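Each chain, letter by letter, is given below.
2 protein chains.
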Amino acid sequence: MNENIKRTEISELGEFGLIEHLTEHFEIDNIFTVKGVGDDAAVIDNGNKLTVITTDMLVEQVHFDLQYMPMQHLGYKSVIANLSDIYAMNATPHQITVSLAISNRFSLEALEELYAGIKHACEKYDVDLVGGDTTSSVKGLIISVTAIGDATEDEIVYRSGAKEGDLICVSGDLGAAYLGLQLLEREKKIYLENPSVRPDLQNRKYIVGRQLKPDARKDIISYLKENNILPTAMIDISDGLSSEILHICKQSNCGAFIYESKIPIHEETYEMAMEFRLDPTMCALSGGEDYELLFTVKQGDAQKIMEHSGITIIGKITNAIDGAILETKSGSHHVIIAQGWNALKE
Amino acid sequence: MNENIKRTEISELGEFGLIEHLTEHFEIDNIFTVKGVGDDAAVIDNGNKLTVITTDMLVEQVHFDLQYMPMQHLGYKSVIANLSDIYAMNATPHQITVSLAISNRFSLEALEELYAGIKHACEKYDVDLVGGDTTSSVKGLIISVTAIGDATEDEIVYRSGAKEGDLICVSGDLGAAYLGLQLLEREKKIYLENPSVRPDLQNRKYIVGRQLKPDARKDIISYLKENNILPTAMIDISDGLSSEILHICKQSNCGAFIYESKIPIHEETYEMAMEFRLDPTMCALSGGEDYELLFTVKQGDAQKIMEHSGITIIGKITNAIDGAILETKSGSHHVIIAQGWNALKE
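Protein chains in written order, with my numbering: chain A, 1310 to 1655; chain B, 1310 to 1655.
Chain A on its own, in the form it takes in the complex (with noise of 0.2 Å):
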């Protein structure tokens, strides 16, 4: 290669940035097309109902570490980490293509429990699997999974339409998967240094379960459409909290102000963070993979939301101007910034 060529590193951009830049010169011809990049899922108008789509890529050591997530798992998670983005359209996923590209080192058993995990997803969730591919790799197992739904038109939610005065749910509780991580790398570390230990997870089982067999909320999106709840901008939690708020903030073209007190945090999380010496709240705003539903809807939706137990309003919509801000358990207020799980990690 030329030693004049300029060189920029993938780092100095991010994710986001590297996708948004590489991009950036595409554009949305096809009449068809309704949405392109830049939302869970991309939009197809079919002259019926709307196509939404999703893609996602997996790749050992970077997203899963098969030293404590079992075969059957992996494949579970990976189709969830799709049809959470279907379900954030406020749209429902019918179909999914698999594609795998495998080293020698696997063996035929193996993949079968792989796919046992993933005719598991697609029955709870009733979507089939349409195809794929399955290819050699150089080293490891990379899974990509697309995610194929439909939505009507007024159905369907982007994370573009939040405006002043909106509340700012979200469902479940967040950081658990977090620090369900924290605790297997921990743990593997122990058994790889003294094998004799196995590793205790029984009082775990609820972070543990929620990094390792995540569900998505198919139950949410039912639940606010036998409400009439229509959300005004919608986005899965899959990069944290704060990450996610600023997707909205960003497409709605608004600001957010949040109660770091309303922020649903399971107590085996709360405790598990004590224990590594991580702020609880932290790990809710940048850990990642909980795959819970943060959306925004109309003041007047506030009662049926309360109503659901597994619904938390955090907070409201707010100015652009005013930016995307945490009200801390003291009063002071923080500005919210996006560093993600990896960032987390370091």
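Treat the hints as calculated values from the structure; they're not laboratory data. These numbers come from a predicted model, not from an experiment. It is possible that some hints are incorrect.
Sample of chain B residues facing chain A (criterion: CB under 10 Å; computed from the structure) [what the hints assert, rightly or not]:
id	residue
1	L1322
2	L1331
3	E1369
4	V1371
5	V1407
6	D1442
7	H1643
Beta carbons: idealized from backbone N, C-alpha and C, even for Gly.
Place chain B on chain A using the hints.
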């Protein structure tokens, strides 16, 4: 791992056997899913047109070698491979998603080149890039492309519709991409042994171009449509003629009779095969990555097919009990076996 656990090597099944095995227990439950695993693409009913989806994964050092594959061509080719599958369903591609896993060896500039090639393909074939995922890899570059298209119910062509007496047609010529690869591999070897020797590919532009920058046969699909020819079965040739004709025979439950003398082979392909002491017909039968279309038509369409200089009738569909037979130039009959280009590579 427990030593008693059964271990079956993936190589015992082969790619198609593996996919079939892993997906055999998946049922297609969704009323919208028209066609799942087992054709060039999956088919989904949206109540209006049918949505057609295909996906493909390319792994560095398995599917491409960046020592002679420029990033721009790689981007272009990875899109083409998927569009070819959509055309092979007699459908029109409209969108793609592109997921990448990249090691820190790659600079932003290298990825810009890759995306320039992707963009070129998008513009030429009038498709939109609508999504994707970009992540880290432990080693090398992995590209996963999904293409989405549509067709009306009466347009769509599967692998399964061929009937006894139908004519077997092929677009363009075969074996060139495979010989282009052989040439590039040879020149790479020479260059690595003696970097002062510059590869001379001047008189081999056709076969090198077929390997580095193939095109999808949108033009053939358009010609067929304009002339009201609806193929009875169709598949794109990515693994060699043998493998593809056997897919049609299996799924249409028929036999095939092919004349070696009719198989279209470019002059340069022929010359290069001679130089490598390879049988040109074997290169056409088992060489890969031609991205031409193999299809069957009713005899009544023969006239219109013959009027197109870029389509060749190479044989006819027979009864299943007759099997798939090649009549050599000397008149002897051979049973067609799917070796695929991986086998040829050994």
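Hint check:
| no. | hint | verdict |
| --- | --- | --- |
| 1 | L1322 | holds (7 Å) |
| 2 | L1331 | holds (5 Å) |
| 3 | E1369 | holds (7 Å) |
| 4 | V1371 | holds (5 Å) |
| 5 | V1407 | holds (9 Å) |
| 6 | D1442 | holds (5 Å) |
| 7 | H1643 | violated (29 Å) |
Violation of the numbered hints given earlier is confined to hint 7; every other hint is satisfied by the structure.
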